[in-house]
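Colleague: Construct the complete structure from the given sequences, taking the supplied hints into account.
Here are the chains, one letter per residue:
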Amino acid sequence: MYKNYLKKIFHWKLIITYLTVILGLTVVLTTTLGAAHISSFVVFKILITRLPLVNNLIIPSWSIGEATIILQIRLPRIILGVLVGAALGVAGTTMQGLFKNPMADPYIIGISSGAALGAISTIVFGLSIFGMYTIPLMAFMGAAAAIFLVYNIASVRGKLPVNTLLLAGIAMTLFLSAIISLMMYTAGEKLHGIVFWLMGGLWGRNWNHVMMAFPFILLGTTVIYIFARDLNVMLLGEEPAQHLGIEVETLKKIMILSTSLITAAAVSVSGIIGFVGLIIPHVMRILVGPDHRILLPSSALVGGIFLVWTDTLARTIIAPTEIPVGIITALFGAPFFIYLLRTRKRAMF
Amino acid sequence: MQSVTLRINNIACRYETTNVLENINFSATGGDFIGVIGPNASGKSTLLKSISKVLKPHTGVVLLNERDVYTLKSAEIAKNLAVVPQESVISFAFTALEVVLMGRTPHLNRFEMEGTKDLIIAKKAMELTNAWHLRERPINTLSGGEKQRVIIARALAQEPKALLLDEPTDHLDINYQIEILDLIKRLNKEEEMVVIAVFHDLNIASQYCDRLILLSKGRIFAAGRAGDVLTRENIEKVYGIKVTVKQDGISGRLIIHPQRKRMTKATKGRVHMVAGSGSAVSLMNQLVDDGYNVSLGVINIGDSDYITAKTLELDVVEEKPFSHITEESYEKNLELIKQADYVILTNIPIGFANIKNLKAAEQAENLIIVEKEPIEERDYTKGEATRLYHQLRANAALVKNSHAVLEILKSMESQAKS
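Going down the list, the protein sequences come from chains A and B.
The first sequence begins at 1 in the numbering used here and counts up by one.
The second sequence begins at 1 in the numbering used here and counts up by one.
In short, the hints are calculated from the structure, not lab data.
You can take every hint at face value.
Computed far set for chain B versus chain A, every beta-carbon distance over 12 Å:
(1) 12
(2) 17
(3) 203
(4) 216
(5) 241
(6) 245
(7) 246
(8) 363
(9) 365
(10) 376
(11) 416
Straight-line Cα separation of at most 30 Å, DSS-like style, residue types lysine-lysine; simulated pairs:
(12) 79/B x 8/A
(13) 8/A x 123/B
(14) 73/B x 159/A
(15) 3/A x 117/B
(16) 123/B x 3/A
(17) 400/B x 338/B
(18) 117/B x 7/A
(19) 124/B x 3/A
(20) 8/A x 117/B
(21) 417/B x 268/B
(22) 13/A x 124/B
(23) 3/A x 79/B
Each pair of labels, with its calculated beta carbon distance range:
(24) 226/A x 65/B: 27 to 37 Å
(25) 161/A x 170/B: 22 to 32 Å
(26) 31/B x 340/A: 46 to 56 Å
(27) 343/A x 223/B: 53 to 63 Å
(28) 86/B x 191/A: 51 to 61 Å
Beta carbons are placed, not taken as given, at the ideal position from N, Cα and C, and that holds for glycine.
Modeller: Dropping the structure here:
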């Protein structure tokens with residue numbers, strides 16, 4: 001049995017290694033794809049110049065325009081895709097585990113509608129106090145305000161009953177959605193921009209967006225991963241978890257705040273990309289099992305891989321026109337998920 | 001292993017404004033096996049919750065080794081105290097072994113993986129509860145009983161010094177009930193583990209617990225040894241039912257029987273039973289269920305026929321324990337026999353004390369004799385009973401068992417009607 005157990009840990013390391021390699025390949029390969037035709041060979045060479053130690057071995061043989069397309073347009077967008085996908089994967093996994101509810105996703109407690117309200121207000125009222133970063137900043141503030149309200153509505157005498165939290169989140173979402181609908185109804189020619197933001201996408205994002213989202217996503221994800229084993233125990237129920245030495249109320253608060261942080265960061269730079277945070281955790285639970293110590297990192301990696309590929313499709317399929325990536329994620333992800341549901345006999349939730 | 005002391009000091013608990021526990025005081029130390037009993041909503045589970053740091057008492061303290069559990073870290077408590085809940089809902093596909101390994105959580109550092117030592121402990125716990133063969137099975141595919149054995153193993157993997165159980169064997173078959181409780185009793189004695197368990201089965205509680213706490217409406221109604229707590233009066237007051245409390249002749253433990261109330265109204269003929277020595281218990285119940293108006297006589301007080309008849313609220317001609325039938329009760333018996341449509345003589349041993357019952361039976365109009373053994377084998381009167389019995393037999397319907405009695409009665413009834 002010890003052998004079996006060691007095998008399991010080895011197996012986990014293998015999974016992480018494979019997925020990391022796939023993610024690396026994904027980044028490199030998708031960088032070669034795009035509306036502007038730049039040969040793969042040139043792309044590789046440009047990328048290598050950005051690596052330490054080996055960057056002096058390459059003699060530049062490309063135009064400045066090509067380097068700009070690769071390094072300032074495609075690469076930041078792809079890296080942001082990795083970040084947002086990973087954030088949504090981790091946040092979705094955590095929410096589903098915490099709520100013990102297969103319908104939970106990163107947006108369930110109202111973060112998305114708060115962010116949307118912030119972003120849409122910016123568009124409708126034409127705000128530009130922070131220049132091109134006004135929308136992400138306002139979205140982040142909207143998300144933070146929404147989660148602050150939901151959290152305080154749901155907490156009762158220092159405790160946070162998860163079902164109340166869930167319902168408070170749904171109520172908040174409905175209320176904010178009504179306001180959003182009203183704004184859209186009266187938005188006139190600005191409607192297109194609103195719809196485009198709501199569907200979620202990564203077009204036109206640069207390194208600054210990456211730098212805005214990165215610290216929050218890194219911090220939140222790290223905190224959540226530290227509590228991975230506690231999340232496993234929480235699946236036994238709150239009382240049993242308490243009996244096994246988990247400070248349940250503290251853990252719930254830390255998890256809700258961390259999840260909110262990374263979701264808000266992701267939404268503020270990418271809009272509301274659906275499906276990834278709901279389905280990736282399910283797919284990974286089917287593939288690697290329910291243990292959060294492997295489930296969280298693999299959901300992060302696969303979330304990143306998945307979003308980068310779907311975004312690549314979104315920007316190339318009818319190039320130079322872009323399709324919102326949210327459409328692609330559901331269009332290609334849902335059938336795959338249904339296939340997994342049908343072929344796996346073991347109940348997953 | 002160092003044993004622990006649990007002291008519950010005058011606690012009171014409330015849900016909103018309803019008091020669910022009040023004035024609860026008791027303590028337990030190494031080797032104590034305390035049973036908490038009481039009707040539904042008497043506060044049993046709440047008591048366990050307040051001890052295990054789930055529901056903070058409104059007043060009073062719970063002390064684990066003289067330290068307030070509500071100031072201790074959960075992990076610190078979990079190293080000493082394990083809880084087996086009434087029911088576990090685990091909808092995720094963890095294997096049984098993974099669930100048991102979660103019992104090691106309080107002993108592990110944050111980034112520590114479960115090591116060989118933890119696996120050995122988990123394996124031992126699962127072997128003790130007979131769950132090792134389930135180790136690779138996903139927990140959500142196990143039956144209620146299998147799951148409960150895994151959960152108990154998880155609690156044991158905590159290496160607790162005190163174990164709280166909330167109706168732990170509810171989902172188990174009788175063989176596993178005994179096996180698990182025997183195991184817990186063994187750990188309780190050998191490892192000096194404190195066990196506090198909620199039971200709703202009073203017989204099981206009296207069998208395993210050194211001390212019982214009987215709760216009623218959130219207060220301790222009685223506490224102490226089973227014999228002092230489980231009295232007829234206490235149970236009637238707290239549960240509102242009549243019971244018989246007997247002591248088992250072999251083990252000396254208490255056996256509590258709820259008394260059944262008479263369900264059916266008598267609609268059929270009068271049946272008088274000449275019985276004794278417990279020979280009529282099951283037949284009496286069947287006759288009452290079938291709707292006969294049953295009486296008995298003459299029976300000594302304390303005989304199990306007597307107890308059953310009294311429970312069913314039947315007419316009984318009684319005699320003092322171990323005494324001969326007096327003229328007075330003989331006459332009473334005769335009166336009932338004459339009134340009866342049918343008289344049944346059960347397979348009783350006959351001595352000089354009860355030979356008058358045979359004489360009375362001579363007056364029966366329709367006599368049915370249940371003969372399982374020949375009279376010679378149960379005649380303690382040197383032949384007189386045998387002589388009387390054979391006279392009775394000549395005019396009676398003879399049957400071998402209770403089932404045949406019911407059939408014969410049925411046919412006699414239908415003949416009488418037509």
